[in-house]
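A.B. asks: Residue numbers (the numbering used here), protein chains in the order written: chain C, 29 to 292; chain X, 31 to 314.
No lab work stands behind these hints, which were simulated from the structure alone.
With a Cα cut of at most 16 Å, we get these calculated EDC-like pairs of lysine to aspartate or glutamate: (1) LYS55/X x GLU238/X; (2) LYS110/C x GLU112/X; (3) LYS110/C x GLU287/C; (4) LYS125/X x ASP47/C; (5) LYS45/X x GLU231/X; (6) LYS65/X x GLU182/X; (7) LYS124/X x ASP47/C; (8) LYS250/X x ASP279/X; (9) LYS96/X x GLU287/C; (10) LYS65/X x GLU288/X; (11) LYS246/X x ASP284/X; (12) LYS289/C x GLU112/X; (13) LYS96/X x GLU285/C; (14) LYS42/X x GLU287/C; (15) LYS251/X x GLU267/X; (16) LYS246/X x ASP281/X; (17) LYS35/X x GLU53/X; (18) LYS65/X x GLU231/X; (19) LYS289/C x GLU111/X; (20) LYS251/X x ASP269/X; (21) LYS198/C x GLU111/C; (22) LYS162/X x GLU111/C; (23) LYS124/X x GLU141/X; (24) LYS266/X x GLU255/X; (25) LYS87/X x GLU53/X; (26) LYS124/X x ASP135/X; (27) LYS192/X x GLU182/X; (28) LYS110/C x GLU111/X; (29) LYS272/X x GLU288/X; (30) LYS96/X x ASP38/X; (31) LYS45/C x ASP122/X; (32) LYS250/X x ASP284/X; (33) LYS109/C x GLU112/X; (34) LYS162/X x ASP188/X.
These numbers were taken from a predicted model, which means no experiment stands behind them.
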Amino acid sequence: MKTTNIISPLRLLHLFKRDILNNVNTTLIAFGAVTAVIYLISAISAYTNAPSGELYFSLFTNLLFAGGLIVTSMVFKEMHKKETAQNYLLLPASNFEKFFSRLLISTIGFALFTLIGVTVISYLSEGVNTLIFKRHNEIFNPFTKMVWTLMAHYLVAQSIFFLGAVYFRKFHFIKTINVIFLLQLSITIITALFVRIVFFDLFEGLFKIGDTSLIMQWDKIPLNTSSFTNLIKTLKILYWLVPAPLFWTISYFRIKEVEVKNAI
Amino acid sequence: MVNIKNMDFAYKKTKLFSNLSLELKPGNIYGLLGKNGAGKTSLLKIISGLLFPNTGKIEVNNFIPKQRNPEFLQDIFFLPEEYYLPGLKAIDFKKVYAPFYTNFDNVRFMELLEEFKLPMDQKLNSFSYGQKKKFLISFGIACNSRIFLLDEPTNGLDIPSKTQFRRIIASAGTENRLIIISTHQVRDMENLIDPIIIVDEGKVIFNEYVEQVTNKLTVKKLTEEPAKDTVLYLEKEIDGYKAVMANTDQDQIDIDFETLFNTVISNPSGVKSVFNGGTNNENN
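Throw the hints in and build the complete structure from the sequences for me.
C.D. replies: The following block contains the structure:
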C-alpha cells in the first residue's frame, strides 16, 4: 500500500477545511454563548467586590473537561447518522485520515482553542470590568504548570470518550459515562466479593470485620519505602502512557470496520 | 473493472446474496433491475465499500472496496436514493469537496449546473428534492470517476429533467467509465441502459446486452390466448394478449424493459434456456 493512501497532508488539510466549514455556524454560536457566560460570571465577581484569582482557571477547567468531552463524544456523529454516514464514508480520504483529523480536532484543537479563547476573553472581560467597576479579577495565565498538567489529564480522559464516540451510535456521551460508572461499580463489587471470600474467617456478619486492628489505617502505611514509591511511579507511567494510545488505537480499528448498515 | 466471485451477504440473519458472481466491464451503462428488497441498493453499497460481504471475493478497479482506499474512493461516485447535503452554497460545496477528486472538471460542473438551471447562490439544503438530485448528478459527472453508481436517479425528477438526465448520462458514458443505474423506473431508462442485469432472490438471474435480447426474444400481439408452452410470458391486454417468446424467426422487435423484466422474473429458467441456445419455453 502506498503511503499516500494512508496519509496525505493535503487531504488532511481538505478534511479540516471541510469540518470547519460544515460546523462554522455551530462553533460560532457556541463560542458566543460561552463568551457571554464567562463575561457575566467575571462581571458578577468584580461587581460583588470579591475579585477572584482562580476564576479563569476554574472556568478553563470546566470548559476543557465538560465542553471537550461533550465535543469529543459528538465528533463521529456524521459517521453514525443514516443521512450523513454514506457521505462521510465515501469521502476520498483514508480511514486513518478520517480518524486522525477528528482526533486532532478533539484533542489539541479543542484544548488550544479553549486555552487561547479563555486567555483572550479574560483580557477583554477584565479590561471592561476595570473600566466599569474600577477593579478586576486576576487575568488567566495560560503558562502555568497546572494548566498544562490539566491539558495532559484531558488527553487521557478524552481518549475514553473518543472511543465512546466511535463505538456508540447514539447518546455517545451518556453511554460512555454509564460504561465508566458500570465498570467502576463492577470492579468495586468484584473486589468486595473477592475479599469477603478469601478472608472469610475474619468477617463477623456479611461485611463487618471483627478484628478492628485489621482495618487499613492510612497513617500506618509505609508511604516512604522505595517499593511504595516505585509502585506509584509505575502507576503514573502507566496512566500517562497506556490508556490514551490504547483507546485511540482501538478507535482507529473500529472506524475501519464501520459499515453504512450500522448507521441509525 | 468490477469483479465479484462467490459472494455471500446477509443483514444479521437475513441472507440477501448467496454465492453471487458478477463481472462488469467499462464502457457500459448497466441497468440494475429487481423487485423491492432484491438487493439492488445493497449491491451498489457493497461495490462502493459501504457494506462488507460475509464471504467471497470482490475487486473494483483492482481495489478491495472494504478497505476504502482514497485512490479507490476518488474513482467511484455513488448517488444514493436518499442523501444529505450540507447548508453550503453550490460554489462553496465545490470548493470543499472537489479537491478530494483529482480529476474534477470545473468547467463541466458549471455547464451542468447551468443546464439544470440550478442557482449557485442558494444553500443546498434549501433545494427541492429534485434540485438536490440534479446537483449531485452534476457533481458526480464532474468528478470524472471511472465508476458512477446511481440508485433510482430519476425519482423526484420532473419530465424535462428526466430527458436532460438521459442525455447527460448518455454523454457521460465513455469507454473507460462504468455506470450502473439501479432503478424501478424502467421506462425512464429505455435507450439508455445496456446491458441489463436482473437480480432476484439473492442471485443475478439475467445479464445480457439489449442486442442479445432483441436477437433471442420477440414480443407479439395476439388476439387469442396462445398455448402456455409456446410462450415465455403472457400478459392480458385490453385488445388481446402480449406474448414474449423465443425469437425463432429472427424478428428485430425491441422488447420494452418492463415486459422483459416481467418475463425474466416470472420465468427465469425458460429465459435462461432460450439464451443458452434452446427454443423451448421451458418451465412455464
